[in-house]
Amino acid sequence: MKKKYRITIYRDWCKGCGLCVAYCPVKILRIDEERKVSVMDEDRCVGCLMCEYRCPDFAIDVKEREEVKV
Amino acid sequence: MYTDIVREYLRKDKFPSIWCPGCGHGIILGALLRAVYKLGWDKNKIVLVSGIGCSGRTPGYVDFNTLHTTHGRALAFATGIKMANPELHVIAVMGDGDAVAIGGNHFIHTARRNLDITAIVYNNSIYGMTGGQVSPTTPVGARATTAPYGCVEKPFDVVELALGSGATFVARGSSYHVPMLDNIIKEALAHKGFSVVDVITTCPTTFGRRNRLTDDPVKNLEWIKERLVPLSKWEKMSEEERKGKLPFGIFRKQELPELTELYHEMDLKVRGEK
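In order, the protein sequence lines correspond to chains H and G.
Using the numbering used here, you'd call the opening residue of the first sequence number 66 and step up by one each time.
Using the numbering used here, you'd call the opening residue of the second sequence number -5 and step up by one each time.
I should point out that these hints are in silico values taken from the structure, not numbers from a laboratory.
Be a bit skeptical, because a hint or two may be false.
[As the list claims (entries may be wrong)] List of simulated lysine-lysine pairs, PhoX-like, C-alpha gap at most 25 angstroms:
| hint | chain 1 | residue 1 | chain 2 | residue 2 |
| --- | --- | --- | --- | --- |
| 1 | H | 128 | G | 239 |
| 2 | H | 101 | G | 6 |
| 3 | G | 213 | H | 92 |
| 4 | H | 101 | G | 8 |
| 5 | G | 263 | G | 186 |
| 6 | G | 213 | G | 186 |
| 7 | G | 180 | H | 128 |
| 8 | H | 69 | H | 128 |
| 9 | G | 227 | G | 247 |
| 10 | H | 69 | H | 101 |
| 11 | H | 128 | G | 186 |
| 12 | G | 39 | G | 8 |
| 13 | G | 247 | G | 230 |
| 14 | G | 227 | G | 237 |
| 15 | G | 6 | G | 32 |
| 16 | G | 219 | H | 92 |
| 17 | G | 37 | H | 101 |
| 18 | G | 148 | G | 239 |
| 19 | G | 239 | G | 227 |
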């Protein structure tokens, strides 16, 4: 089964530089009206960590999602 | 994954940092912290020393033993710390002006002595904090406040300088090639002897705006990507192709006697204990 990821954004540390948006291979991040990053579609995240590696402000974290069985 | 881990190494009350949006310095700091985490070092055994400049702000953000010193003297202070406490891991972070202009002499002599310190040079080709003056690593033709029509001086190649002065580990990385930078810094930290990592990075605010890269950090990072070529590819390139490009990778890695150990041996000999 395809792995799913949870993206956490620390909005108070984000400066809205747009590096994570530019280097996201599946383009699921955007800079919102408050000039901070926000996630559009978390389910499409491939977990490549490019946003984490290039974030100069330690403001984005990607973790594998624990599946909750219903 | 890593962000949550390395956030534990930070002084959280000092954030967000003073660095401009998209500044490459934060990317290098992230790589350094991930390398420290992967080595599993105790943060109370690490000393982070810096000089003056944007890079000099680094120790203020990191929860190791830290020291913010005078301009260019990071390595001089680091030498003292290492000689007094050889069991500590000493890391010196410097800007390009800090390392090879004001601190040039400290740099070459620490390399000559082969003291077990890791020097990380945040090389953004300009004096960013003071408003964008020419630094010894500004490329020919690049504009700066003190070179409004383009720089005419030939720049220093930090890697060549370190190789020439006898450093035992010399590498170059960039804030574009990040996972590789993690590995390079990790190897540099683990190396016994003086290790230099020249990290090519961006300064969108003072370098980018004056050099048609604008203050968009993405364009600045792309400029690094265009200029840097891996060492293996560089060796096959002709003189013509090499123009305006820089190689990156690990240039030298050798084991030589380290200064604190030689000093300790001499100490024992003089005391007649050996």
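*asked:* If you test the structure against every hint from before, which numbers come out violated?
replied: 1, 6, 11, 17
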